[in-house]
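*Asks:* As you go down the protein sequences, you meet chains A and B in turn.
Sequential numbering of the first sequence, starting at 9, is according to the working numbering.
Sequential numbering of the second sequence, starting at 3, is according to the working numbering.
Hints listed in this document are in silico derivations from the structure and should not be mistaken for laboratory results.
Relax, there's no trap hidden among the hints.
Here are the computed distance ranges between Cβ atoms for each label pair:
hint, chain 1, residue 1, chain 2, residue 2, range
1, B, A19, A, G24, 47 to 53 Å
2, A, S67, B, E47, 26 to 32 Å
3, A, D19, B, Y100, 28 to 34 Å
4, A, G60, B, Q33, 25 to 31 Å
5, A, R119, B, L13, 25 to 31 Å
6, A, G24, B, S14, 42 to 48 Å
7, A, T25, B, S28, 36 to 42 Å
8, A, P47, B, N9, 15 to 21 Å
9, A, P116, B, P114, 24 to 30 Å
10, A, R18, B, E59, 36 to 42 Å
11, A, P109, B, N55, 19 to 25 Å
12, A, P47, B, E47, 18 to 24 Å
13, A, P109, B, K44, 22 to 28 Å
14, B, I20, A, T52, 28 to 34 Å
Which stretches of chain B does chain A cover? Using the computed rule of at least three CB atoms under 8 Å from a CB of chain A, they are:
hint, region
15, 46 to 52
16, 102 to 111
No residue lacks a Cβ here, since even glycine has one placed at the ideal position from N, Cα and C.
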Amino acid sequence: SAVISQKPSRDICQRGTSLTIQCQVDSQVTMMFWYRQQPGQSLTLIATANQGSEATYESGFVIDKFPISRPNLTFSTLTVSNMSPEDSSIYLCSVETIHSPYEQYFGPGTRLTVT
Amino acid sequence: QKEVEQNSGPLSVPEGAIASLNCTYSDRGSQSFFWYRQYSGKSPELIMSIYSNGDKEDGRFTAQLNKASQYVSLLIRDSQPSDSATYLCAVTEAGGSYIPTFGRGTSLIVHP
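Let the sequences and hints guide you as you build the complete structure.
*Replies:* Structure, rendered in structure tokens:
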């Protein structure tokens with residue numbers, strides 16, 4: 009499995025501001041994803057981060073609100089823009105590797121609170 | 003729309019007992035099935051994957067898959083308090099995207 013780190017681990021932000029979350033993997037991976045998990049809820053996929061091209065967003069998520077970059081095979085960022093209290097959640101990066109397709113490995117998560 | 007259903011629980015079992023967690027899915031074309039464990043305040047951790055009908059054992063964990071009935075289960079033998087967590091079932095369709103559909107999870111409490 010891959011070792012995944014996320015920064016920051018948590019943050020408290022004011023509404024109207026933006027936060028960029030970084031995801032770094034210790035090895036090359038095929039797929040990178042961004043999820044949101046609200047308290048007591050399951051995982052909601054935001055988007056698939058595509059290397060060198062625009063991310064693929066799930067229904068209900070748009071690029072203007074959640075811009076994503078993936079400049080190489082081991083790094084991705086998710087920005088939560090123009091935040092509101094409804095964006096308070098845990099944001100998780102996950103990856104799939106060529107050796108274990110379909111199996112997802114998750115980063116430690118970023119706990120975001122918007123006041 | 004693909005759905006993965008789990009009883010939210012909590013499922014409470016005494017230490018040493020067998021915990022049985024169940025998951026049903028709607029897409030008959032599903033081919034890959036996973037169980038993730040998530041401790042409170044932590045991220046999900048993959049603990050089992052199963053791809054064919056029958057049982058797959060790994061230590062105290064056994065995953066059971068029945069494609070005809072569209073359910074997958076996870077048995078935890080000799081349950082320990084450290085097994086207390088939320089268990090997420092995930093299902094991936096055949097030949098489609100690599101993205102699994104996750105259930106809402108079952109909370110397991112193992113009491114001493």
